[in-house]
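All chains, full assembly: derive it from the sequences and hints.
The numbers in our numbering rise by one with no breaks, and the one at position 156 of the sequence shown is 156.
FYI, nobody ran anything at the bench for these hints, they're computed from the structure.
These numbers come from a predicted model, not from an experiment.
Note that beta-carbon positions come from the ideal geometry of N, C-alpha and C, so glycine has one too.
Check before you lean on any hint, since a few could be wrong.
Claimed, not checked - Quick list of in silico lysine to any residue cross-link-like pairs, SDA-like style, CA-CA up to 25 Å:
1) LYS2 - ASP83
2) LYS133 - PHE56
3) LYS152 - ASN49
4) LYS16 - GLY141
5) LYS149 - ILE82
6) LYS123 - ILE86
7) LYS4 - LYS152
8) LYS123 - ASN49
What the hints assert, rightly or not - Here are the simulated distance ranges between beta carbons:
9) THR59 - ALA37: 15 to 25 Å
10) LYS4 - ARG52: 18 to 28 Å
11) ARG70 - ARG111: 14 to 24 Å
12) GLU9 - SER139: 34 to 44 Å
13) ASP40 - LYS149: 33 to 43 Å
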Amino acid sequence: MKPKPFIPEICKGDEKYIRDQTTGLIWHRTVHRTLYADTDRSQVVYHSNYLRYFEFGRTSLMRDVAYPYREIEESGYVYPIIDLGITFYQSLYYDDLMYIHTRPVNLERVRLQFDYVITHAEKGHIICVGYTKHCAANSAGTPVAVDPKTVKLWQTFPNKR
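Shown next as structure tokens:
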């Protein structure tokens, strides 16, 4: 199965944000290099590491919009993952450079979702696509409404760029 085309272009001169020329959607972009520890014996990145890459993309996005996870947790909120999905198209290998594209998408009263596209930074092809769904909870783990600052992020992304 081939992925849908994903053709990124830098958005308004800011390399942290790209516009997919095929859909017009704006994504946050961060760069990451695979580590030897991420690979199996054949130097292919082990599949579970892609979930760490999603987290790296998500936390980078939140940091770049001035709402890092540390601040979220200090405000009494946590956002555990309640569902996730990933579709693989190609492999990454030791020392490959990748772009992790992250976008906030669905927002409900107590749930939110991020979408991801990981591409090979030098070759440009899509490695995988995926999503994570999160539940808003207080520090005791009880579900609560999504905090106001996160709601504002969903309402303004990507209009602030």
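These are the hints, each one checked on the structure:
1. At roughly 24 Å between alpha-carbon atoms, LYS2 and ASP83 fall within 25 Å of each other, so this suggested pair holds.
2. The straight-line distance between the Cα atoms of LYS133 and PHE56 is roughly 15 Å, inside the 25 Å bound, and the hint therefore holds.
3. Only pairs whose Cα atoms come within 25 Å are accepted, and LYS152 paired with ASN49 is rejected, the gap being roughly 30 Å.
4. Using a Cα cut-off of 25 Å, the hinted pair LYS16 and GLY141 is violated, with the two alpha carbons roughly 32 Å apart.
5. Our distance criterion of 25 Å between C-alpha atoms is met by LYS149 and ILE82, whose separation comes to about 21 Å.
6. For the given pair, LYS123 sits about 21 Å from ILE86 by alpha-carbon distance, which is consistent with the 25 Å threshold.
7. Under the criterion of a C-alpha separation no larger than 25 Å, the hint pairing LYS4 with LYS152 is inconsistent with the structure, at around 30 Å.
8. With a C-alpha separation of about 20 Å, the suggested pair LYS123 and ASN49 falls inside the 25 Å cut-off, and the hint holds.
9. At roughly 19 Å, the beta-carbon separation of THR59 and ALA37 lies within the given 15 to 25 Å, and the hint holds.
10. Distance hint check for LYS4 and ARG52: the Cβ-Cβ separation is about 24 Å, which falls inside the suggested range of 18 to 28 Å.
11. As the Cβ distance of ARG70 to ARG111 is approximately 22 Å, the hint placing it in 14 to 24 Å holds.
12. One distance hint, 34 to 44 Å for the beta-carbon pair GLU9 and SER139, holds here, with the actual separation near 41 Å.
13. Between ASP40 and LYS149 the beta carbon distance is about 40 Å. The supplied range of 33 to 43 Å therefore holds.
Taken one by one, the earlier hints fail for this structure at numbers 3, 4, 7, listed in ascending order.
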